[in-house]
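K.L.:
Each chain, written out:
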Amino acid sequence: MSGFMGHEPNGRPGWPKTAREWLFTVDHKVIGVWYLIGSLASFAVAGLAATLMRIELGSVGPDITSDGNIYNLWLTMHGAVMILGFQIPALLGFVANYAVPIMVGAKDMAFPRVNAFSVWLLWSGILIALANLVIPDHFNGMWTGYPPYSTSDAAGNTALYTMVVVVLGMSSVFGAVNLACTVAFMRCKGMGWFQMPLTVWTVFTANIIQLIFVPVLAASVILLSLDKYLGFGFYNPETGGDVLLYQNLFWFYSHPAVYVILLPFMGIMFEIFSVSAKNMVFSYKSAVYAILAFIPAGGDVWVHHAFVAGLPDWLRVLMSFTTLLISLPFGLLMLSLVGTLYKGAIRYSGPMMWALGAWMILIFGALTGIPNALSAIDYGISDSYVIMSHFHYVMAVSGSMATFAGIFYWFPKLTGRICNETMTKLSAIGFFIGMNTVMGPLYFAGIAGMPRRYMDYQQFADNAVIVGAQHWSTIGLYITFLSVLLMVVTWIHGMLKGEKSSQNPWGSQSLEWTSTALIAGQGNFPTPVEVAEDWHPYRYIDNPKPTFQPAPASAGH
Amino acid sequence: MQLSLTSSIRTRLRLVPAMACLCAVLGAGVFLYPGQAQASYKSTMMAPNSEIDPEIFRIDEGHFLGGKVDGNYVLEDASGNTFKLGDMFGKPLILLLSYFTCDGACSVINRTLANTLKGVDRWKIGKDYNVLTVSFDRHDTPATMRVFMHKMGYDQLPQGWRMATMRNKKDIDRLAGSIGFRFFWSPADRIFLHPMVYAVLSPKGWITRYLYTGKADTYDVKLAITKAMGGEISPVNIIDYVVAACHSYNYKDGKYKLNIPLFVMFGGLVLGVTLMVGGFMLAKRKRKRLDKGMVTI
Amino acid sequence: MKIKSLSYKVLGTLLALPLIPTLVYAFEMDTAVRKNYNGLTPQAHWDEVWHEVMLDLIVIGVIYFAVALFFMIRYKRTGHDQVGKSPKLTGQAMIGWVVIPCMLFLGDDLFLYVKAFDLHNQMRNVPAHAQTIKVTASMWNWNYDYGNGVDTDMELRVPVGKPVIFRMTSDDVVHSHYVDGYHVTEDVMPGRVTWEWIMPVKLGESVITCREYCGANHSKMYGKLIVMKQADYDAWMTEALADAKAESAHRVASAAIGKVTASKINEGQEG
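Protein chains in written order, with my numbering: chain Z, 931 to 1487; chain A, 646 to 942; chain U, 11 to 281.
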């Protein structure tokens, strides 16, 4: 299969040669790289904000700042940029754009120019968000932006917040339409719905969720600015608005947004687990149905964010139950994950170490989610470090570990080289230990009563559990910080000096590794790729090889 | 790999997203110009129609809403029987304070409410909610009450509507005080000055809403009763709950109005689904043309 | 054939699995016991349910993790060309692997849910004799109105053994009233009245703090709850009442002075 025009011997697609081509590309692979750069830049900014906050919280009293507005700026930037700038673009941008079209054997995305538009919007959004760091009236109303605080002058520039959410929301929506269409209609010949890799399924489902719910978020956030600057009063009780409504609208999107992040990173874990164990994903079909079940099950759980927000009691009890139901599809996915290891032949490669770390943390994160769904328990732990620790375990730590696992996994495809395995594993172990030291003690601080979003905890100064947890958490951050530095060094080293990769270093059966005849620029495959009826991305025994259709007679024009 | 479009057109088309984003950023710049925030949560109530400073009668709703009315006050009805205020609880209760020798405002308040309630089809007086008129004039007797009822146009009050007097000045002040209702005796005019307002209480006696005569219409009263049922609403009334949830109370106008963001949200949902369906149709067409070789990517 | 139909029956029976813990719980708790919740205070009841939930989670987590760890060690790749040999699932096995785990999860969910439902009922049903305290939150203050003209800022005193209900509203933004040790949190917002109740049974102080982000001094919006002996509370209240009366008298007096001044000015203008 070698010898086609433009492909490199190691299976890496060729890159554009000029800056102009880089900038104005409509090629999904280059756009995927743009998404990756954007999301890693966001990770750096938001991570630094987290570092500053963690240092501030290391002991009682001011450590590096005593100005609440500055601290709240860091906090707002950390939340908003991590979620909107790092996680969603990394998973629904980089993975969805770089890997998914090749995984389904498509020539490109369904609408390449729309795709370019999405990534431009993403960069615009990130730049507007970063402007928040330099403007005098920075927005400090948190990534949630609850009114009436966010419609008051104290919150700073609400328009910027609205703008960021709307621009990034548009980027997501266009990206989502594009990706959903690509998966639905651009699959190569012979690839049925149940022959798609789970990464494709999860990204597809996540994008459907995005499409349904993002416009709701964008609309409710636009109303915030209309309220503040034009005095409409949609959320102003004085003029008949309802403060609580915003919270409902916001979480109606933002809880499904958790699954938008969760599903793709679980998809990456499936990919790496299956390849490392050289084993069929356990109960593949039930995993697919479980993934799809997240759309309806994810749509009726948002009220658990408002258990203590003055809703009628019967609604709390009812929604407590619907929230618990999410454990069914999630449990099936976890079952499929661990089942994939059964009778496997597990090789502990670098990406596998990252994926294993992500998966262990996910167990803890998922289990600590169950008490939060019980309305009565929530009265004691609402808005405390228990909640903060839980969602950091699920989304932040597990999510970023799986995302980095994905970057290490597709690294040979991106650069043609492979990262140093020891360094990869060391950084994974460091990150795992570091983040557990950051978030583990904080769970106990939460049980002891520590609320979220505090810049100081003078009132708990004589509470040994809280003070101790904060102290250890800050120490954990230093470990994490060093391991992230090591990870970046590993990447740079891998990119420049890494060992040359073979075409299929992990032994995957998925098209992005097996159909190595990728061409430079658009098109991906010289002629359309085709898979047999019994081909399966997770079948490692007697899997029929994908073939290329013969070049059509008219190809010379 | 030949491409059907010439490279210059392609390049120009590639610039389109970039240009669009530039416009978006410039637009953002204009929008980001800091403006004046409008957020004030002190409700500014309109006054009842009287000549003295209306501020005196203003009910500080923020302070009194959610307060509990004691059910232990002893009241006396037209036939001289005593009962407790708490006996009226268990259903939403509309509580009016009036005095029975009043010539104008009081009978207007009661009569208007009676007419309004006739229009409330969904909830039946006595079955779904109660009404109670209490006199704040300790000189009122069952006799003055009957005269007042007559003036109102009733010989017999509807089932579920009771009128009562209280003889204990201390209790009257305490009850009026607990709902923030202020009244003054004007020796010059020989009348009581008081606001034209009534309170809607929850089945447990918590004040859930104040409504103003002349502002609240049938729809407002219906919604106020529905909302007063609050958590105790039964599953068969789920539609009423949904309707109530679509409305919120406007303190400025004293009326309920539609919760617009809720509808904007539905608009958002429809937009998302439309985009999805539209995208699918376009992509399907494109795939067909791709397969036929009519276009390239 | 027979085995197949038997296995369907087994599968069908499993659908009833989730109901078992619920039924057990329903029988174990008769209504008389539930009425006073075994004499538990809400906070003790909360602790009990919390520990049960934690135990439940630890059991699930340990089982899952132990199985996973066994797989990870047992199925390590040894040869270079080794591939996994997981058995291919038949249609029925696949259904079984969906239904049985789902029913187990659902059973566990329901088990936790009935416990939490019971707790919810206790935490959301206020004893009739509860003392009402009106709470008004503002940036960044908690104001407690005792309903008799006395109000305090950032400090709440209650007599021991008497339930207290907070009726809360906010002057500006959303806050959240949290009383440490009582496991109650409820948001406080403008335009709405929310409530929570506590049952103070232990003398001493506990932290009251804000749990919903409310701006620069969010973390400084804390006060304390002081639970006192009834006699001490009465003594304090008498003093506070006297102070409140004196203050309001002072206010009326200064208002009167203001009026006199105003009328003098008016006279002056007329003159």
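Do not rely on the hints blindly, as some may be mistaken.
Listed next, with one range per pair, are the computed distances between beta-carbon atoms [stated by the list, open to error]: (1) U:K19 to A:V887: 38 to 46 Å; (2) U:M164 to A:H795: 52 to 60 Å; (3) Z:P1474 to U:I83: 27 to 35 Å; (4) U:K19 to Z:A1462: 33 to 41 Å; (5) U:P97 to Z:A1462: 20 to 28 Å; (6) Z:I1363 to U:K19: 45 to 53 Å; (7) Z:L1063 to U:K255: 52 to 60 Å; (8) A:V887 to U:H139: 29 to 37 Å; (9) U:Q102 to Z:I1422: 16 to 24 Å; (10) Z:G991 to U:K255: 37 to 45 Å.
Which stretches of chain Z does chain U cover? Using the computed rule of at least three CB atoms under 8 Å from a CB of chain U, they are [said to hold, decoys possible]: (11) 1250-1258; (12) 1274-1283; (13) 1384-1393.
Here are the simulated lysine to any residue pairs, SDA-like style, with alpha carbons at most 20 Å apart [as the list claims (entries may be wrong)]: (14) A:K902 to Z:T1169; (15) Z:K1273 to U:K98; (16) Z:K1475 to Z:P1458; (17) U:K230 to Z:A1378; (18) A:K931 to Z:G1120; (19) U:K230 to Z:G998; (20) Z:K1273 to U:Y74; (21) A:K849 to U:V136; (22) A:K897 to Z:G998.
Just so you know, these hints were derived from the structure itself, not from any lab.
We put the CB at the ideal spot given by N, CA and C, even for glycine.
K.L.:
Each hint should be assessed against the structure and marked as holding or not.
P.N.:
Hints and how they fare:
Remark: the range hint 38 to 46 Å for K19 of chain U to V887 of chain A is upheld by a beta-carbon distance near 42 Å. For M164 of chain U and H795 of chain A, the hinted distance range of 52 to 60 Å is satisfied, since their beta carbons lie about 55 Å from each other. A beta carbon spacing of about 33 Å between P1474 of chain Z and I83 of chain U agrees with the range 27 to 35 Å that was offered as a hint. Checked against the hint of 33 to 41 Å, the pair K19 of chain U and A1462 of chain Z passes, with Cβ atoms roughly 39 Å apart.
A hinted range of 20 to 28 Å holds for the C-beta pair P97 of chain U and A1462 of chain Z, which are about 23 Å apart. Against the hinted window of 45 to 53 Å, the Cβ-Cβ separation of I1363 of chain Z and K19 of chain U comes to about 50 Å, which satisfies the hint. Between L1063 of chain Z and K255 of chain U the CB atoms are about 54 Å apart, so this pair conforms to the stated range of 52 to 60 Å. Distance hint check: the CB atoms of V887 of chain A and H139 of chain U are about 36 Å apart, consistent with the given range 29 to 37 Å.
Range check, Q102 of chain U to I1422 of chain Z: about 52 Å between beta-carbon atoms, so the 16 to 24 Å window is missed. For G991 of chain Z and K255 of chain U, the Cβ-Cβ distance of about 41 Å falls inside the hinted range of 37 to 45 Å, so the restraint holds. Evaluation of the coverage hint for the region 1250-1258 of chain Z: fulfilled, as 6 residues show C-beta separations to chain U shorter than 8 Å, against a requirement of three. Counting residues of the region 1274-1283 of chain Z whose CB lies closer than 8 Å to any CB of chain U gives 5, so the stated coverage by that chain holds, three being the minimum.
Remark: the region 1384-1393 of chain Z is confirmed as covered by chain U, as 7 of its residues place a Cβ nearer than 8 Å to a Cβ of that chain, reaching the required three. Taking the CA atoms of K902 of chain A and T1169 of chain Z, the gap is about 9 Å. The hint holds against a cut of 20 Å. The suggested pairing of K1273 of chain Z with K98 of chain U holds, with an alpha-carbon distance near 12 Å, which does not exceed 20 Å. The straight-line distance between the Cα atoms of K1475 of chain Z and P1458 of chain Z is roughly 14 Å, inside the 20 Å bound, and the hint therefore holds.
This hinted pair checks out: K230 of chain U and A1378 of chain Z have alpha carbons roughly 18 Å apart, not beyond 20 Å. This hinted pair checks out: K931 of chain A and G1120 of chain Z have alpha carbons roughly 18 Å apart, not beyond 20 Å. The hinted pair formed by K230 of chain U and G998 of chain Z meets the criterion: a straight-line CA distance of about 10 Å does not exceed 20 Å. For a cut-off of 20 Å, the pair hint linking K1273 of chain Z to Y74 of chain U stands: about 17 Å separates their Cα positions.
About 11 Å separates the Cα atoms of K849 of chain A and V136 of chain U, which keeps this hinted pair within 20 Å; it holds. In summary, the hint linking K897 of chain A to G998 of chain Z is not supported, as the alpha carbons are separated by about 34 Å, beyond the 20 Å threshold.
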